[in-house]
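K.L.:
Sequence:
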Amino acid sequence: MSQFENLKLKNQLCFALYAATNAITRAYRSRLSHIGLTYSQYLVMMVLWEADGITVKNIAQQLHLDSPTITPLLKRLETAGFVNRLRSARDERVVNVFLTDAGRTIQARVADMQKGVACQTGMAETQFIELRSTLHELVDTINQNQPDMQDAA
Numbered sequence: 007m008s009q010f011e012n013l014k015l016k017n018q019l020c021f022a023l024y025a026a027t028n029a030i031t032r033a034y035r036s037r038l039s040h041i042g043l044t045y046s047q048y049l050v051m052m053v054l055w056e057a058d059g060i061t062v063k064n065i066a067q068q069l070h071l072d073s074p075t076i077t078p079l080l081k082r083l084e085t086a087g088f089v090n091r092l093r094s095a096r097d098e099r100v101v102n103v104f105l106t107d108a109g110r111t112i113q114a115r116v117a118d119m120q121k122g123v124a125c126q127t128g129m130a131e132t133q134f135i136e137l138r139s140t141l142h143e144l145v146d147t148i149n150q151n152q153p154d155m156q157d158a159a
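Under this note's numbering, the letters of the sequence shown match residues 7 to 159, in that order.
Among the hints, erroneous ones may be present.
[Unchecked claim] Between beta-carbon pairs, the in silico distance windows are:
#	residue 1	residue 2	range
1	I60	N17	32 to 42 Å
2	T85	K16	18 to 28 Å
3	A114	H142	21 to 31 Å
4	M129	W55	21 to 31 Å
5	L141	K81	55 to 65 Å
6	N28	K121	41 to 51 Å
Hints were generated in silico from the structure; no laboratory data involved. Ideal Cβ positions, reconstructed from N, Cα and C, are used throughout, including at glycine.
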């Protein structure tokens with residue numbers, strides 16, 4: 007084994023995750039387009055289906071994104087008629103996002119679509135659950151061990 011065996015692309019966890027992410031996103035993208043959602047919008051909708059009326063900041067936190075990244079997605083979802091954004095009466099800096107009837111209605115179609123993507127993976131349900139759990143643990147561990155960028159400066 008060469009001293010640089012770990013530098014081969016096939017041995018990289020990051021590349022395996024990258025390739026898997028691209029493959030699963032493509033599988034979702036083709037199905038979501040029939041519903042009128044992009045993959046990113048789909049992620050936002052899932053957060054709202056769990057907790058309607060939450061703040062833009064809370065949506066961003068759950069998706070591990072910055073609030074400014076979420077704003078254009080929400081504008082497009084609002085234009086499509088799936089959500090409404092309302093400023094808080096107590097603090098106008100805070101924006102809450104609410105599902106519309108149309109946003110609630112597409113949830114059943116999305117649930118059916120998810121089954122198709124799950125079948126396309128070819129994984130048994132137990133494998134799917136185990137992989138998802140492992141990936142959540144990986145994200146949590148990396149986030150906990152991430153040096154604070156302010157300390158690095």
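K.L.:
Name the hints, by number, that the structure is in violation of.
P.N.:
The structure breaks hints 2, 5, 6; every other hint is satisfied.
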